[in-house]
Amino acid sequence: MSWFEKLMPSRISTEKRTKSVPEGVWIKCPVCDAQLYRNELERNLQVCPKCDHHMRIGARRRLDMFLDPDSQEEISARLEPEDPLKFRDSKRYRDRLAQAQKKTGEKDALVSVTGTLLGRPIVACAFEFGFMGGSMGSVVGERFARAARHAGDNNMPLVSFAASGGARMQEALFSLLQMAKTSAALADLGARGVPYVSVLTDPTTGGVSASLAMLGDVNVAEPNALIGFAGPRVIEQTVRERLPEGFQRSEFLLDHGAIDMIIDRRKMRDEIADLLAKFESRPNPVPAA
Amino acid sequence: MDLKFLDFEQPIAELEAKIDELRYVGDDSEININEEVARLKDKSESLTRSIFSKLSPWQVARVARHESRPYTMDYLELISPDFQELHGDRMYADDPAIVGGPGRIDGRTVMFIGHQKGRDTKERVRRNYGMPKPEGYRKAQRLMRMAEKFSLPVVTLIDTPGAYPGVGAEERGQSEAIAYSLYLMAGLKTPIVNVVIGEGGSGGALAIGVGDRLLMLQYAIYSVISPEGCASILWKSAEKAEDAAEAMRITASSLDEFGLVDEVLQEPLGGAHRKPKEMAEVIRNAVLKSLDELAALSIEELLEQRQQRLASFGQFKEA
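The listed protein sequences derive, respectively, from chains A and B. Position 200 of the first sequence, counting from 1, maps to 200 under our numbering, and the rest follow consecutively. Position 235 of the second sequence, counting from 1, maps to 235 under our numbering, and the rest follow consecutively.
Take the hints with a grain of salt, since some may be wrong.
Taking lysine-lysine and the BS3-like style, the derived pairs with C-alpha atoms no more than 27 angstroms apart in a straight line are [said to hold, decoys possible]:
| id | chain 1 | residue 1 | chain 2 | residue 2 |
| --- | --- | --- | --- | --- |
| 1 | B | Lys-240 | A | Lys-86 |
| 2 | A | Lys-91 | B | Lys-240 |
| 3 | B | Lys-317 | A | Lys-103 |
| 4 | B | Lys-236 | A | Lys-102 |
| 5 | B | Lys-236 | A | Lys-86 |
| 6 | B | Lys-317 | A | Lys-91 |
| 7 | A | Lys-86 | B | Lys-54 |
| 8 | A | Lys-103 | B | Lys-236 |
| 9 | B | Lys-236 | A | Lys-91 |
| 10 | A | Lys-86 | B | Lys-317 |
Since the hints were derived computationally from the structure, they do not count as laboratory data. Just so it is clear, the structure is predicted and the values come from calculations on it, not from any experiment.
Isolated chain B (complex conformation) (with noise of 0.2 angstroms):
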């Protein structure tokens, strides 16, 4: 397994190249190192499990953004292995950072949508990092319709940086595509289940981000801006992303306590790129589980439900 480590799970690198150069070793050695391996194996594993039992917010950023990460045409993949995707917006273009259409989960049909991050460097630009202009908000809008008027659940999986800050974007309106886009999905006739499965940034992330249920894997984060751009704004300066990050309260968890998250979905051990097929499975299991609960509602209770949850959201005195 090729695993890319973050700086602070430095020592469990360490003690993962051990273990290669023992099996190495092992090979053409007539001592018997099994023993050996197993014990380290078990070593690096109890030290993973005590480095992410305690990460910072930061830290939690790290693996949120972390490269191997699976994003989401990787989960479609696995749990919707005949997704077909559907292109363009009908009025200017096809948003790349943006992916959607049908595909069946458990023999049924659900219109996905997600952002989508490239893996390598020609991908990444291709795909904006993830950074959607209006014309992906647009498409995403369309897909939502056409949900409706066939009556399937939309599933949406987020992970944005947050929505592209451009010149072309600007002229294009990004405002009013965000702006319209929770306005459609607060009256949508059909069930909206969201999933955070990376970075949640913002009003990029929020824009396919309005529905019913909320579901959130536990090492994405969810945030108002970047700990970095909060950073700059109110520490005057990105070095302080860390204690941005501490201050916003961006992890699952946090959510959680705060009631904004319906259900945290554990990642494996050491984060959802170390077994992306598990954390699939995971998904799919909350994503049907959540579907199930919503299909029981007649379309009227599931917009009075979703109005008064939408109503809900703040914390505030009243005198």
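Extracted from the complex, chain A is given alone in its bound form (with noise of 0.2 angstroms):
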């Protein structure tokens, strides 16, 4: 240890130390268990090459795969969650918020973004699901609400990436109220005739499902996300009873008429695109392969 390192408190060197050990070459894909290659994983958007399992990203990882390269511009960035209550369970809110924005360098669960999709203006927004279970509080909801009068004042298509257990209970009934306010952001967009897009993926349920992400013209999932109301606990709960294999996935959703279809993460862009266009009376954007 240089007389430097030796000069800086402890907390600093530490993390200084941990960053610089090498991550994981090899991970685990958790349905499969084939080791794969990080790098190679990544070329794949996360999804496993073996077995297709869609692996969790997080909100900006997702908009980069999904727009064109250095498109974005990000909406309402400035907006920061408060503590209206003091809430306090075994933890003060505050400080979940502080260590939910540590870990995932974000302000909140939602970020929103225009960008081109291959060439055509739209806006798009991604929930982080790392950040508090992608719980939907005020600033998710106003960050939600923005971005759809930006989609209607500009005519742009939104597409809205949906990873979320629900709403944010420390926000009490603030965040029940946002499930108003985003449907209702909904409401105004469609009489605006603006396509919106809700991709559905896993897991989506609660409060989050139960406005803005079923609410799409068209609403797509991953495959084999958890999508529903209720969580599978609470129903096993209420039922008494073992729920049957694949309840509440993409594909039991499609079943009984709840979504439109199933995309491949690897296919997102081209098929969301093609859909707009279709929407718009464009020819279709997608290079001939």
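Work from the hints to combine the two standalone chains into their complex.
Right, dumping it as structure tokens:
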């Protein structure tokens, strides 16, 4: 250790050291147990090349892989959460927020941007599940509502990627009312005839599922995502029996008419670009293979 | 009066029992006990006043869920005696956990929609404890569209533990049913007044709770998740429901402080179930007042105000 490092507070130097340790080169697929080379998995958009399992990904990564390179501009980045109830359970909400912000580098659980999709300017937003389970509080609701308004004002289609456990309990009724707020923003967008595509990813449940995520002109899901109103554990406790295999998974929702289609992550860009082009009577923007 | 008392009302219960006893004795005794009864009645009243003046949020929740508390149909009988119930979602079934239909109030027709709990075990099961399934919300949507078509205002009475978490409900799209209800109410071209009369349980309550005015009974509660549910997730124990009720600020007075409620409707001493007629009269007058205010607006103004109102929900800072 150099004299300089000795002078630094220990907290900083340990952080530095953990970062300098190279992360694992191999990752095990949680479904098929295949040992996957990290870079290869990354190139494959975090989809297991052996079994096609779609791993959860963060909001930024999601938007990066969906939109055209270097086309993004963030909307309402300056919004920050507050703690109107001074909520405290085993931990203070304030501390939970600080922890989540540090862990994810985000101010809250939704990132919304403008960008282009195969050249067409659109508004896109994505939930950060790593931020308190992607839960919807006032900032998430406001960011979504502003994204919808921006889409309406500029006649740009809206695409949202949901990944959320539902409403954020620590904001109590404020969070419940975000369901009304986001749905109202979509009603306004709908009245203006601007398309909205909702992509449901693993997992999408509770208040997010029962508001903005189910209101797409087209509802899309990634393969095998858990999607539902009540979580499986709550239902099991209510009906006191084990739930059938595949219950509340994307394929189940497709069978029951809740979603329009299941799209593989690696085809998401092309398929949604073509879908939006169809709604706007434009030629298919996807270059022929 | 056969009152059912909650645990924290036990001192009142004891006094009332004494009063009943005295009356019984009084019938076949020569002593005049009227004075004593009057004295005890005064005492019971002041005791009730004192207990109810400092209810904890959890105790308020207990009153909101009181087994004698008036439900939607009890109020409709008093507010709109000619209420005509309509049934079915035209797609799958009729959900008895939600009731609705047109009825007159002060000479004008209103489309009433409300959650309905059951009074005895059989009816509780039939009405699924007031927990609607997708067909309930789709019936409500149908009635809302009908109200819009005939230019009738919508009045909703909210009283549910939440939307039903069951296999069939998931299969038939509980999420979509709630989501689309929110979407529909946001743009419905007729005034909507929402009244929380008992339990405002999460998305299942909000699904008939979007509108132009939110009224809330004094001892009603409204929350994003039940205190028990919140406690079992955040405190890892449903036993901590009392703490969760406190933390989530579920009472009408707390929500009023946050500006989320337009008007808190005072309940009779001891709660709405003590004097249902008196309570119904208060609700009736408050609803009529709201309807009058909203009737003064053009549909464009109404929808503009509603959009602004919904957009204003939330608290955050902008750096």
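We went through each hint and held it up to the structure:
For the hint pairing Lys-240(B) with Lys-86(A), the CA-to-CA distance comes to about 18 angstroms; that is within 27 angstroms, so the pair holds. Annotation: proposed proximity of Lys-91(A) to Lys-240(B) holds, straight-line Cα distance about 14 angstroms (limit 27 angstroms). Taking the CA atoms of Lys-317(B) and Lys-103(A), the gap is near 21 angstroms; set against the 27 angstroms cutoff, the hint holds. Of the supplied pair hints, the one linking Lys-236(B) and Lys-102(A) holds, its CA atoms being roughly 25 angstroms apart against a limit of 27 angstroms.
In summary, the hint linking Lys-236(B) to Lys-86(A) is supported, as the alpha carbons are separated by about 20 angstroms, within the 27 angstroms threshold. For the hint pairing Lys-317(B) with Lys-91(A), the CA-to-CA distance comes to about 22 angstroms; that is within 27 angstroms, so the pair holds. Among the hinted pairs, Lys-86(A) with Lys-54(B) is consistent with the structure: their alpha-carbon atoms are about 21 angstroms apart, no more than 27 angstroms. For the hint pairing Lys-103(A) with Lys-236(B), the CA-to-CA distance comes to about 23 angstroms; that is within 27 angstroms, so the pair holds.
As the CA atoms of Lys-236(B) and Lys-91(A) are separated by approximately 12 angstroms, the hinted pair is consistent with the 27 angstroms bound. Between the alpha carbons of Lys-86(A) and Lys-317(B) the distance comes to roughly 15 angstroms, so the proposed pair stays at or under 27 angstroms and holds.
Comparing the model with each earlier hint shows no violations; every hint is respected.
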